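Engineer: Go by the hints and put chain Z onto chain R.
In order, the protein sequences belong to chains R and Z. Everything in the first sequence is counted per this note's numbering, starting at 1 for the first residue and increasing by one. Everything in the second sequence is counted per this note's numbering, starting at 1 for the first residue and increasing by one.
These are computed hints drawn from the structure, not numbers from a lab. Accuracy of the hints is not assured; some may be wrong.
A few chain Z residues facing chain R, derived, Cβ under 8 Å [what the hints assert, rightly or not]:
1. A23
2. P29
3. I85
4. H103
5. S105
6. V115
7. F214
8. P234
9. L260
Quick caveat, the model's predicted, so the values are computed rather than measured. All residues carry an ideal CB built from backbone N, CA and C; glycine is no exception.
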Amino acid sequence: MPLLKNKRLDLSYSQMKWETVFKRLLITMSAVLVMVVVGILITLIVQSMPSIKSLGVGYLWGKVWDPVQNIYGAWPFLLGTLLTSFTALIISIPFSYAISIYLGEYNTRGWLSNLLKNTVELIAAVPSVIYGFWGLFVLVPVIRLLEMKMGVAPYGVGVFTSSLILAVMIIPYAASLGTSLIRMVPSPLKEGAYALGATRFEVIRSVILPYTRSGLFAGILLSLGRALGETMAVAMLIGNTSTIGNSFKEIFFGPGNTMASVIASQFTEADHTVYLSALIELGLVLFFVTVIINLIGKKIITNYTNN
Amino acid sequence: MDARIRIRNIKSIVFKSVIMFLAFLVTIPLIVILIYIIKQGVMQVNWHFLTNVPAPVGETGGGISNALVGSIIIVALSSVIAIPIGMLAGIYLSENPGTKLAHYSGLCVDILQGVPSIVVGIVVYFWVVKPLGTFSAISGSIALAMMMMPIVIRSTEQTLKLLPDTLKEAALSLGVPYHRVILKVIIPCGFSGILSGIMLSIARIVGETAPLLFTAFGNPYLSTAITKPMQSLPLLIFNYATSPYDDWHNLAWGASFILLMFVLILNISTKLITRKWNIQL
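Extracted from the complex, chain R is given alone in its bound form (with noise of 0.2 Å):
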């Protein structure tokens, strides 16, 4: 008998110890996960080092990229990342608005509202190399006549090519988020509303677009940080040139570069230190605001969800 007691013994023993063991465990993983991201930033900045120190800030708004000259200025790179994502967001807002509203308000459920929301879903999942390939063979000539027809030089490949994709690639992110916030809009509000005569119309304008203000603001933001770190569609579609047009219409329809692209088509060539730092800099540059945008994001949609 005290033989089987002291097995017992060992055994709850052993248990305890893997209690703790496992509550180790389990604290280290999420500190590893702390240390990735703390490991990101230290070795983006360590990087940038020498790019931060010789080239100074004035590397932001230099105007000219001449790896061979050894002149570095990320202006052109900005420039087309801010104008290719900006004009991305501008073309996308009206589709991912239009969904939201149809699968918050008009179509909540049923086969074809299910049908919608996966297709949508879908249109985040296809692998953004495959949007690049397709874009480049059959919106890329599609863009070229249209150039032609419009006067300026027909590269077809360029910022607004590269827009275009992009506002594809990032309505689902402001249309499910916009959905579920409108789907969560007290029906309270909209009944009053109805009692008092209001069309539909109305009752949209009026009463759900206010209230979801916020909630659909933060969705276009994290479209927005999704436009701003698109890197293979962007850079196999906007024809890779550091230079600066002169005009805006030679800008916006021809050929340029934004911080990822760049940073995808030079890296494996930067054969200074100089160089490749600078290409570092901007990838700081570009973790910086894309985790500035998505974490304001996040917060007001944690804050609208709890109030």
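Structural biologist: Positioned in the frame of chain R, the structure of chain Z alone reads:
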């Protein structure tokens, strides 16, 4: 008075039609792309295509076996890295929601989710590729694992939070040790939710190209050594799509078809699983 009401009603109907038109217009690009890729790609796919390495320029034929094998190895390795870490961190987040560590690692999940994929590539280049002195499959896997982790963590956390506390309390009151409660009671109960998160994360990373550009790098030959450069489907599509040769474009169309089908099937089967579970990812 009647006229005003009629105008308001017409406005309402017009608005609804515009909304419906715009909403359904969005599906057109997806359908067009799907049809185009299927049309271009399905002709390429046959046994020869799946079992041979790409032919040199100028020769017809050849296949994408190196990219297929490479993609499978790279994704399998990143799953091995990301799934345990992601699940354990997710369990921690759902079990200890109030602690400081949980707050910071929750914040880090949000940050990691928003990091542009190209930045992950740069960072892993300095963490793994430079110390090893060569591009390698394992560095690509680490980069993809970093993109996979946030999705696995969030899905684990969300699924476990949905489970009733009484489940855990009942098991604990029977004297079951904490780790066995989690591993034998909580995880099995939330298994389909966690599984769908894992599937979704695999669907997300299998098409990622940017983090592999400076890590796995690509390889025209069949290679299974994880410390050597390795080809993968998205890298092959990128390299061959931007090349000037028609034979290579055809290989890329075939590869796109296979990649797209894989991603779509994974996504749709995940949808079928999540329908039971109502999880927001």
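Engineer: Now tell me if each hint is right for this structure.
Structural biologist: Comparing the hints with the structure gives:
Hint on A23 (chain Z) holds. Least Cβ distance to chain R is approximately 4 Å, under the 8 Å limit. Here the hint on P29 (chain Z) is kept, as its CB sits about 5 Å from the closest CB of chain R, short of 8 Å. Against a cut-off of 8 Å between C-beta atoms, the interface hint on I85 (chain Z) holds, since the closest Cβ of chain R lies about 5 Å away. Hint on H103 (chain Z) is violated. Least Cβ distance to chain R is approximately 10 Å, over the 8 Å limit.
The interface hint given for S105 (chain Z) holds, since its Cβ lies 4 Å from the closest Cβ of chain R, which is under the 8 Å cut-off. Taking 8 Å as the C-beta cut-off, the interface hint given for V115 (chain Z) holds, the closest approach to chain R being about 6 Å. Nearest Cβ of chain R to the Cβ of F214 (chain Z): about 6 Å, under the 8 Å cut. The hint holds. Evaluation of the P234 (chain Z) hint against chain R yields a held restraint, the C-beta minimum of about 5 Å falling below 8 Å.
Of the supplied interface hints, the one on L260 (chain Z) holds, with its beta-carbon coming within about 6 Å of a beta-carbon of chain R, less than 8 Å.
Going down the numbered hints, you'll see the structure goes against just number 4.
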